[in-house]
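Number 488 in the numbering used here belongs to position 487 of the sequence shown; there are no gaps in the numbering.
In short, the hints are calculated from the structure, not lab data.
Hints may contain errors.
Claimed, not checked - In silico lysine to aspartate or glutamate, DMTMM-like type, Cα no more than 20 Å apart, as pairs:
hint : residue 1 : residue 2
1    : 613       : 566
2    : 558       : 499
3    : 133       : 218
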Amino acid sequence: MMEEKAKILIADDNEVNLYLLNSVIKKNNFLVYSAKNGRETLDKLKEFPDIDLVILDIQMPFLTGFEVAREMKANPITSDIPIIFITGLFVSEEFVQEGYEIGAFEYMEKPVDTKTLINKINVILKIEKQKKELRQQAEEIKKKNEFINLLIQNIPSLIITLDYDVQVIQQNTLVELYEQQYQGFNFQKIEKMLPNIKRCIDELSIIEFESTYQNEDTRLVFKISIIPLNIRENTCQILISLQDITERKQTEEELKKHRDHLEDLVKQRTRELEKSIEELKTTNLKLDNILNELQKTQSQLVQSEKMVALGNLIAGVAHEINSPLGAIKSQNDSVERDLENLFPELLLLMKSQPQNIVELMIKLVTLSADPGQLLTVKEERTLKLDLIVKLKQKNIPFPETIAALFANFGSNVDINEFEPLLKNNLIEDILSILNKLINLKKSNRIISEANERIIKIIKALKLYSHGDPSQQYILFDITEGINAVLTLYHYKIKQGIELNVEYLFKEPIKCYPDELNQIWTNLLNNSMYAMDFKGKINIKVEKEGNYVVTTFADTGKGIPDEIKEKIFEPFFTSKPIGEGTGLGLDIVKNIITKHNGLIELESKVGVGTTFKIKLPVNRN
2 MMEEKAKILI ADDNEVNLYL LNSVIKKNNF LVYSAKNGRE TLDKLKEFPD
52 IDLVILDIQM PFLTGFEVAR EMKANPITSD IPIIFITGLF VSEEFVQEGY
102 EIGAFEYMEK PVDTKTLINK INVILKIEKQ KKELRQQAEE IKKKNEFINL
152 LIQNIPSLII TLDYDVQVIQ QNTLVELYEQ QYQGFNFQKI EKMLPNIKRC
202 IDELSIIEFE STYQNEDTRL VFKISIIPLN IRENTCQILI SLQDITERKQ
252 TEEELKKHRD HLEDLVKQRT RELEKSIEEL KTTNLKLDNI LNELQKTQSQ
302 LVQSEKMVAL GNLIAGVAHE INSPLGAIKS QNDSVERDLE NLFPELLLLM
352 KSQPQNIVEL MIKLVTLSAD PGQLLTVKEE RTLKLDLIVK LKQKNIPFPE
402 TIAALFANFG SNVDINEFEP LLKNNLIEDI LSILNKLINL KKSNRIISEA
452 NERIIKIIKA LKLYSHGDPS QQYILFDITE GINAVLTLYH YKIKQGIELN
502 VEYLFKEPIK CYPDELNQIW TNLLNNSMYA MDFKGKINIK VEKEGNYVVT
552 TFADTGKGIP DEIKEKIFEP FFTSKPIGEG TGLGLDIVKN IITKHNGLIE
602 LESKVGVGTT FKIKLPVNRN
């Protein structure tokens, strides 16, 4: 998978500097955003909070570079973004010290040595990448700890953990369930285990034995394991596992294998955590070495800036991904809530029921309708009414409640097959638990569909931004690039734009795919802006002679005749100051010329604008 390009924001009120620096840095495979004054710099940071590095000119209108840096450091969202100051002023020692106190990485004086600048950017980004990897490793350690806690909660044994003073600090839900079921038993009372606990601490080893809990009515036999955890200075925390073997003594060997597997799993997770901690320490040492080298070379490094090449794409992509992520989170929360109580409830329920009732429960879940196919409101109401009638005919108590629960299993389940189950005195509890199983299937379907949507968006983003420094001239179907751009701009398009796409030619041609994607992005942005993001855009790809012709037509304001000849000139723009650089159509024209193609313009004020891009059908 190709690594995502780093994003750099350059702020300078000199447009020539912006253009020149953009050209140099862009060749080194970075994404560039630009600002012409201090206020615009802060606006860009709000719009693109994932900027990787900011290059600030110190003398700018509205806000100086120092003032912008102070605003950045005061904002938790931007406080960690590295800053490089550039200036054409005389740099005194006090001046430099002020910048470092604000939080700058480096100073550079104009004019900038571009080679040193690129080296500096690469070093800083490498440091930031390593910091990010450290944070990710810490998060992974946290997740592993959460997994171990979840594992303890779901182990089919009574689990009690003791602190260094042999006091109970944690127990799983099964302990509470047993104490509720078997009144008078206190499984947290550890006095009878103290000799074995002391032996465990002294030997720092796992102690195993069997123990009996008994009163006048009940006799329970447990296989008890006492396990040392977090060993330090000849003492340790203790994990006590009480495994009920009262009714399963004949399967003792099988239970032993299960316990051994559990022990191996705990040890494996412990080793993984220890390995992660060691790797984190090693990475910290490497980062310290890099920071020391950076400090030694700070006085020799130079800095520059580059110009923005892409628009506000990331915000739309983030919104598009956020919707399915919300669906996944919502359904995942639902699954977690159901799972938290489902298995203990199901286990207790199945233990209390005869075999024929258990078999009917399993059959009911198996025969239920596809959880991904939801009934309409009318269909669900009709099904419930039909079930109420049948339940009343069979004298089933509470027919309305039972029908509401049973309807969730679908219309293809024959109620007559489950009459013994329906007459069970715990039918409401049974159907409620089985409904949770069906709902888990539905949640899984929703999560899968949301995941597919995210995959589609990510695939389009990879196709759009896979950027190859070598700019290979390859066979490529240009409709794939157009589809990628449309997918990434879907958020803006769907808000008020009617889009019509017609592909009459879908064959690969020799081209530079990355550069063509710049064309589609510029034309789409211009069309949406010209229509104030409300109107129609028609895109058509067809073959005319030896050319593949791509047409972008919009219903926007149109282009007045007096400026039609100027729109392809560098730095010419009809947009307000700060909203356009005037380089978009100049870039488009240069790319088309590079492909030996043609561009045609038709526009009428108040009607709209049509661009036709003609590229040679070259497959050799």
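Going through the hints against the structure:
{"no.": "1", "hint": "613 with 566", "verdict": "holds, 16 Å"}
{"no.": "2", "hint": "558 with 499", "verdict": "holds, 16 Å"}
{"no.": "3", "hint": "133 with 218", "verdict": "violated, 60 Å"}
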